[in-house]
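Asks: Here are the chains, one letter per residue:
There are 2 protein chains.
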Amino acid sequence: MREEFQADLTEVSRLLVTMAESVRAALRKATTALLTADLKAAESVIQRDADVDEIHLQVEAKVADTIARQAPVAVDLRRVITALHISSDLERMGDLAEHVAKTAARRHPSPAVPAELRPVFKQMAEVADQMAEKITAVLADPDPVRAGELEKDDDAIDDLERELFRIMLADDWPYGAETAIDGALLGRFYERFADHAVNIAEHTIYLVTGQNS
Amino acid sequence: MREEFQADLTEVSRLLVTMAESVRAALRKATTALLTADLKAAESVIQRDADVDEIHLQVEAKVADTIARQAPVAVDLRRVITALHISSDLERMGDLAEHVAKTAARRHPSPAVPAELRPVFKQMAEVADQMAEKITAVLADPDPVRAGELEKDDDAIDDLERELFRIMLADDWPYGAETAIDGALLGRFYERFADHAVNIAEHTIYLVTGQNS
Numbered sequence: 001m002r003e004e005f006q007a008d009l010t011e012v013s014r015l016l017v018t019m020a021e022s023v024r025a026a027l028r029k030a031t032t033a034l035l036t037a038d039l040k041a042a043e044s045v046i047q048r049d050a051d052v053d054e055i056h057l058q059v060e061a062k063v064a065d066t067i068a069r070q071a072p073v074a075v076d077l078r079r080v081i082t083a084l085h086i087s088s089d090l091e092r093m094g095d096l097a098e099h100v101a102k103t104a105a106r107r108h109p110s111p112a113v114p115a116e117l118r119p120v121f122k123q124m125a126e127v128a129d130q131m132a133e134k135i136t137a138v139l140a141d142p143d144p145v146r147a148g149e150l151e152k153d154d155d156a157i158d159d160l161e162r163e164l165f166r167i168m169l170a171d172d173w174p175y176g177a178e179t180a181i182d183g184a185l186l187g188r189f190y191e192r193f194a195d196h197a198v199n200i201a202e203h204t205i206y207l208v209t210g211q212n213s
Numbered sequence: 001m002r003e004e005f006q007a008d009l010t011e012v013s014r015l016l017v018t019m020a021e022s023v024r025a026a027l028r029k030a031t032t033a034l035l036t037a038d039l040k041a042a043e044s045v046i047q048r049d050a051d052v053d054e055i056h057l058q059v060e061a062k063v064a065d066t067i068a069r070q071a072p073v074a075v076d077l078r079r080v081i082t083a084l085h086i087s088s089d090l091e092r093m094g095d096l097a098e099h100v101a102k103t104a105a106r107r108h109p110s111p112a113v114p115a116e117l118r119p120v121f122k123q124m125a126e127v128a129d130q131m132a133e134k135i136t137a138v139l140a141d142p143d144p145v146r147a148g149e150l151e152k153d154d155d156a157i158d159d160l161e162r163e164l165f166r167i168m169l170a171d172d173w174p175y176g177a178e179t180a181i182d183g184a185l186l187g188r189f190y191e192r193f194a195d196h197a198v199n200i201a202e203h204t205i206y207l208v209t210g211q212n213s
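Residue numbers (the numbering used here), protein chains in the order written: chain P, 1 to 213; chain U, 1 to 213.
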């Protein structure tokens with residue numbers, strides 16, 4: 001029974017790793033769409049978000065099946081329930097990548113982001129990508145040190161978001177309200193992506209080891 | 001066993017109703033803070049968000065306890081797992097009310113929202129409040145017809161958000177980027193609040209009846 005339960009958890013983790021890889025790829029492609037006004041890339045992200053939603057349903061089904069067959073209690077039960085939270089966070093990260101892609105598509109063929117903001121979005125996207133990479137790694141092989149790094153990455157994202165606002169709120173900001181609104185919402189999409197990544201890092205150590213990080 | 005399980009579900013629903021009442025009160029007060037630059041109201045919302053987070057933890061504990069004691073399977077198991085999703089949605093609605101309050105507090109003593117935008121925010125808040133009221137009612141006493149109304153309410157919120165953007169993007173918009181950014185982010189907070197309410201309505205019918213609405 002114990003071995004079966006571990007095998008179930010491993011299968012759940014495998015599904016979560018696939019989701020994490022997918023949302024990472026989605027945000028990378030959405031960022032390309034955003035920074036190079038690439039409509040095909042944007043459309044591909046929008047189309048493929050359904051794949052992430054599908055795996056999310058698979059995780060829910062697998063967790064329900066595991067609880068029903070193994071009747072885990074105490075720490076074991078909390079571990080499988082944690083997988084549901086991770087899956088919800090990943091599903092939402094996929095939505096946020098899709099929001100970035102949709103913004104790029106809506107403005108096409110114009111770029112959604114003016115040249116002045118591109119460096120800060122490039123940096124936000126890089127940090128967010130590293131966070132998604134770390135989550136994928138930690139889900140496959142839990143490492144509290146690596147999971148702990150996400151907090152620092154999240155601080156970097158928050159600093160970059162402040163920098164974004166500083167640029168848009170400067171007296172010499174040459175663009176109007178529309179570009180500022182897009183910039184603020186896009187900044188929030190990356191920031192929320194990072195927040196969910198931090199949640200997942202905290203949950204993951206618990207899922208895989210039953211210990212709080 | 002069956003009666004005990006029903007009693008457990010009733011207790012979970014009771015906790016969720018308390019959460020729903022709290023996030024409804026929080027958004028009402030946050031809206032007052034926003035529209036009348038009332039710092040005390042804003043601070044009260046920010047302070048009391050911890051109460052919602054606390055009930056969220058109680059729901060998680062109660063669900064884990066129910067699964068461990070009753071070992072529900074199939075539909076029954078999915079029903080208790082659904083309670084976790086509802087609780088997560090409610091917890092996030094509390095965060096969004098807090099974001100509205102924080103925006104009001106940050107701009108105090110200036111109003112965060114200029115006179116031109118106040119009517120549309122007032123309407124968004126009214127619809128969101130009705131949605132929170134319906135959720136509270138449906139959690140206490142499931143009614144698929146009432147739950148179904150939330151979809152229409154959500155369309156009204158989306159229309160209002162479009163109206164908000166129309167005002168801010170008009171050629172004669174007299175305010176700068178900062179006010180537009182605040183307006184866009186605030187619009188998004190109300191819209192996300194409404195989205196979570198729709199999720200909850202869909203989940204609730206399932207939680208209480210085991211049937212999809």
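Treat the hints with care, as some may be off.
Identical copies look the same in the list; a pair holds intra-copy or inter-copy alike.
[Claimed, not checked] Listed below are the simulated SDA-like cross-link pairs for lysine to any residue, each with C-alpha atoms no more than 25 Å apart in a straight line: (1) Lys102 / Glu191; (2) Lys122 / Gln58; (3) Lys102 / Lys152; (4) Lys152 / Asp141; (5) Lys102 / Glu151.
Think of the hints as simulated: they come from the structure by calculation, not from any bench.
Asks: Determine for every hint whether it applies to the structure shown.
Replies: A quick look at each hint next to the structure:
{"no.": "1", "hint": "Lys102 / Glu191", "result": "both (17 Å within a copy, 17 Å between copies)"}
{"no.": "2", "hint": "Lys122 / Gln58", "result": "neither (33 Å within a copy, 41 Å between copies)"}
{"no.": "3", "hint": "Lys102 / Lys152", "result": "between (29 Å within a copy, 23 Å between copies)"}
{"no.": "4", "hint": "Lys152 / Asp141", "result": "within (20 Å within a copy, 45 Å between copies)"}
{"no.": "5", "hint": "Lys102 / Glu151", "result": "between (28 Å within a copy, 22 Å between copies)"}
Checked against the numbered hints above, the structure breaks only hint 2 and satisfies the rest.
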